[in-house]
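**Q** Sequence:
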Amino acid sequence: MQSITAPVKPDCRTAMAQLIEQVRDAFPFGVPEAELCGGKCIGCPKKLLELVDTELCDWEARLEHGETPKLGEISRLAKLCRNVYRGLKRNQLVM
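Heads up: the sequence shown runs through residues 0 to 94, numbered per numbering that gives the first Met the number 0.
Just so you know, the hints here were simulated from the structure itself, not pulled from any lab data. Treat the hints loosely; a few may be bogus.
[As the list claims (entries may be wrong)] Taking lysine to aspartate or glutamate pairs in the EDC-like style, the calculated list, with each CA pair at most 20 Å apart, reads: (1) Lys45 / Asp24; (2) Lys45 / Glu34; (3) Lys8 / Glu20; (4) Lys69 / Asp57; (5) Lys88 / Asp24; (6) Lys45 / Glu32; (7) Lys78 / Asp24; (8) Lys88 / Asp52; (9) Lys69 / Asp10; (10) Lys39 / Glu49; (11) Lys46 / Glu34.
[Claimed, not checked] Computed Cβ-Cβ distance ranges for the label pairs, DEER-style: (12) Gly37 / Ile3: 49 to 55 Å; (13) Pro31 / Lys8: 37 to 43 Å; (14) Gly42 / Pro9: 27 to 33 Å.
The beta-carbon is built from N, C-alpha and C at its ideal position, and this holds for glycine as well.
Assemble the whole structure, with the sequences as input and the hints as a guide.
**A** What follows is the structure, given as C-alpha cells:
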C-alpha cells in the first residue's frame with residue numbers, strides 16, 4: 000500500500016513572495032492615471048492602487064532584508080488586496 004503525502008505548504012517568506020507576485024500580476028499598476036480617473040469613480044482607484052503598491056514595496060524590501068512575515072501579516076495583506084480588488088472591479092479596472 001502506498002502512503003499518501005499531503006502537498007507541502009510554503010514557508011511564510013515564500014507565501015508572502017507568492018502573494019506579492021500574484022497581486023502585481025492581477026492589479027493594473029501600469030494603467031495611466033487618465034484611465035484610472037476617467038469617468039465616474041466609486042472610491043478612488045488611484046489611491047487604492049497607491050496604498051497596495053506601498054504595502055507591496057514595503058514587504059518586498061523587508062523580505063530582501065531577510066525578515067520573515069508572520070501568518071497574520073500575510074493574512075492582513077491578502078485581506079487588503081481582496082478589498083482593493085473589489086473596489087477596482089466596481090470601477091471596471093479588473094475583470
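**Q** A separate judgement is required for each hint: does it hold in the structure or not?
**A** Outcome of the hint check:
1. Annotation: proposed proximity of Lys45 to Asp24 holds, straight-line Cα distance about 17 Å (limit 20 Å).
2. For a cut-off of 20 Å, the pair hint linking Lys45 to Glu34 stands: about 10 Å separates their Cα positions.
3. At roughly 17 Å between alpha-carbon atoms, Lys8 and Glu20 fall within 20 Å of each other, so this suggested pair holds.
4. Between the alpha carbons of Lys69 and Asp57 the distance comes to roughly 15 Å, so the proposed pair stays at or under 20 Å and holds.
5. Distance hint between Lys88 and Asp24 is fulfilled; the C-alpha atoms sit about 15 Å from each other, no more than 20 Å.
6. With a C-alpha separation of about 7 Å, the suggested pair Lys45 and Glu32 falls inside the 20 Å cut-off, and the hint holds.
7. Restraint check for Lys78 and Asp24: satisfied, since their Cα atoms lie roughly 17 Å apart, inside the 20 Å limit.
8. Under the criterion of a C-alpha separation no larger than 20 Å, the hint pairing Lys88 with Asp52 is consistent with the structure, at around 17 Å.
9. Between Lys69 and Asp10 the CA atoms are separated by roughly 10 Å; this keeps the pair inside 20 Å, and the hint holds.
10. As the CA atoms of Lys39 and Glu49 are separated by approximately 19 Å, the hinted pair is consistent with the 20 Å bound.
11. Using a Cα cut-off of 20 Å, the hinted pair Lys46 and Glu34 holds, with the two alpha carbons roughly 14 Å apart.
12. The given range of 49 to 55 Å is respected by Gly37 and Ile3, whose C-beta atoms sit roughly 53 Å from each other.
13. Checked against the hint of 37 to 43 Å, the C-beta distance between Pro31 and Lys8 comes to roughly 39 Å, which is consistent with it.
14. In this structure the hint that Gly42 and Pro9 lie 27 to 33 Å apart at CB holds, the actual value being about 32 Å.
When held up to the earlier numbered hints, the structure conflicts with none and fits them all.
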